[in-house]
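2 protein chains.
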Amino acid sequence: MNHPTNPGAALAEFAAGLRVEDLPPTVVARTEELFLDWAASALAAKGLHPVPQFEAFAAAMGPADGKAEILVSRARTSAYFAAWVNAASSHLVEQDDLHNSSVLHPATVVFPAALAAAQDVGASGAELIAAAVAGYEAGIRIGEFLGRSHYRIFHTTATVGTLAAAVAVGRVLRLSPAQMVHALGSAGTQAAGLWEFLRDAADSKQLHTAHAAASGLAAAYLARDGVTGAQRILDGAKGLAAGMSSDADPARLTDRLGSRWALLETSFKFHASCRHTHPAADALLAVLQRERLSHSDIASVVTRVHQGAIDVLGAVTVPTTVHQAKFSMGTVLGLIAVHGKAGLEEFRDHALTDPAVAAFRDKVRMTLDADVDAAYPQRWLGRVEVTTRTGTSFHGAIDEPKGDPGNTLTRAELEDKTRRLARFSGAASDAEIAALIARVWNLHTAASVAALL
Amino acid sequence: MNHPTNPGAALAEFAAGLRVEDLPPTVVARTEELFLDWAASALAAKGLHPVPQFEAFAAAMGPADGKAEILVSRARTSAYFAAWVNAASSHLVEQDDLHNSSVLHPATVVFPAALAAAQDVGASGAELIAAAVAGYEAGIRIGEFLGRSHYRIFHTTATVGTLAAAVAVGRVLRLSPAQMVHALGSAGTQAAGLWEFLRDAADSKQLHTAHAAASGLAAAYLARDGVTGAQRILDGAKGLAAGMSSDADPARLTDRLGSRWALLETSFKFHASCRHTHPAADALLAVLQRERLSHSDIASVVTRVHQGAIDVLGAVTVPTTVHQAKFSMGTVLGLIAVHGKAGLEEFRDHALTDPAVAAFRDKVRMTLDADVDAAYPQRWLGRVEVTTRTGTSFHGAIDEPKGDPGNTLTRAELEDKTRRLARFSGAASDAEIAALIARVWNLHTAASVAALL
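These protein sequence lines map, in sequence, to chains W and F. With the numbering used here, letter number 248 in the first sequence gets 248, and the count goes up by one each step, no holes. Position in the second sequence (first residue = 1) + 453 = the numbering used here.
Isolated chain W, as found in the complex (with noise of 0.2 Å):
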């Protein structure tokens, strides 16, 4: 490290100096993974509300034309527009990617503005690739450098969004450390999100990847044309940990650069919800094969979870719309034991209207375990206490959720996971997502990403 007194540009010297020579074959493959999973989210949520809502503002306030692609529309517009929409969509049906440690969804940020920024700049999929690295790298690292106490009010993915957005972007732009620093300093000053919007159902969480992307972005070209910004954003007297944790760890910001790559620790979301379900939903789902129950054998549900998972959904009761659902235990849990899985369709069709789904959910209560939290946010355990009608208790637990690096989902279910996400919202046909498959796969010799649909 050549910055032994300053973490920040340490990390921004790391990302700017990462070549796509340098990434071992299996972070490369897994980039366009991640990359097909993340279009898939974006495209999924054509028409959904409030997505029209921000096309419709990208349209009025930005250019008629351009060379950056939003996807839900196949319109053309400014990079900083593209970065805007195509975030805001792909943060909705709650299918895009998390890191578990760092509690961030990298994808849902990271390749919007990336690829924005690429096609403005005609910048090859390899490219690509490296600058979603380097987003991911970075963008995760500073999650866990924030801690805890951060994500407790603020949404990480949206400030810490920002960040990630920012070193990605900046890398397509060929910044040089300097300059990567102050891309980092400009997007740390922007960062922003609070989580007070879920208790509401509102609109914030796509507005907040929208927000990161965008400034990020913003962030990033303002440093290439020599706007500068503050040198220790992130650990500085009145920088973001200052701000905005009690109990940031710098040692984070520099762990193991070039050794470990944290973007393939990134977990894929088999169910359509909150992470902070996925365990407790996996762990019901195998004791309801193991033991053959019925939904209604079942008396109550006690899931034992990391005092994230109550933080965050703790603040919903009785779903009102249906993203807010995806953030209700109960809700998933009753789509899983009613319908059998937690997909966009159960979603849609069931999480509002089935009495069936109403009342597992009011079967369903959250305690907080201590040795769940412990493990937690480095990893995810999923432990339920299910007693039926007849007075017997089951326990279920499973220790790396569908999806998790050590549980992934192949490339045959990622394909087939974007054909069902396509499918849902008809933003493109099975015949186009084959295309988009194809292309995908070859993403690391692509000599331009032009166009992606």
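Read the hints as simulated data drawn from the structure, not as lab findings. Mixed in with the good hints, there may be bad ones.
To be verified - Calculated cross-link-like contacts (lysine to any residue; reagent style SDA-like; alpha-carbon spacing at most 25 Å):
no.	chain 1	residue 1	chain 2	residue 2
1	W	67	F	517
2	F	520	W	53
3	F	520	W	64
4	W	67	F	742
5	W	67	F	528
Take the given structure of chain W and dock chain F to it, following the hints.
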């Protein structure tokens, strides 16, 4: 108040319902004065780093034409990017207004957003005035609500500015009270801006106001189109105060709505420096004039200040840029002592290069004064102890710095300041400024604000 348990909603309802007919004539007239003063601040920054970079980004990412006006270039673009550039430019030369007890610079975030939206939708001058008053009244109260703890780490004009801009634009767009709550929610969850940049003389202060005005504008437009926000973004358990303040006082949010006009408490800036230097600058000037002292007579100056001045100015020792020199107490007092004033020309020509100013700077130190600190932020008291080379000490005291409401600038003085600022940058001729002044003094009867210059 119709929302006894949600002061933010009460504030939103007040702002949404503000009509120019209900405003006292003094409020209407003062709004025109603040508007002229703001336009002058924007014009003065033409050509100065980093304003051209902001113009270039807007040109690259925004439309090539539109209804909204960029003041420094007279180019037209969308409301979003006009707000973005005009906010950046109007906060550069440190001549824009300040509200004492909120420590908020209202003009530089409220007017860019309100003017851009008014030009976008074809609003009248009276509507623009009502919108600006709504933005000032809401922003000032939100700044007071967040308190001194917020300002220690966060640049209130950046964070609260986002909400003030949203309220002003929301009033232009005639949002309903419920929509105004959503606009506040979407603005508050984008609120950002850290003081960390100041030590490095980085360009973030202009990015802060650009971000605030544009993000606030977006929040209001999105609310008009049905995008929802948190109902209690200000005082909720995971809202702004929970995340960014330790001394928030919700009672301030609704302090005498409709009877106290906080806009009238706003100060014009006389010196072209950080407002925290003004009380001491005026007190020193009074001593020098009263005792007929020259800078060369003086051995030392002790300025007795409030803690906020030390927090902001203490990071600056030897300034490296003209902008950073505006945050150097010693430099400001040096310009006053050596050149008799601290205006734009003095900063440009002498702040970094005049050995006499540098020598005087090193004779100045700040010390916390309990009485001055107790009066702050409601009153910004100036107290200096001047010791001559012959060992005599003089005490200087100013209770209302030049430009404060009790010691305000007359319309003639504001016209003179406007001419000086426009001449400084060459952004407009004297004839154009005369026409601008005439237009602004008739703003309350103007059918349109489509073309300011």
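- [ ] If any of the earlier hints don't hold here, list their numbers in rising order.
- [x] 4
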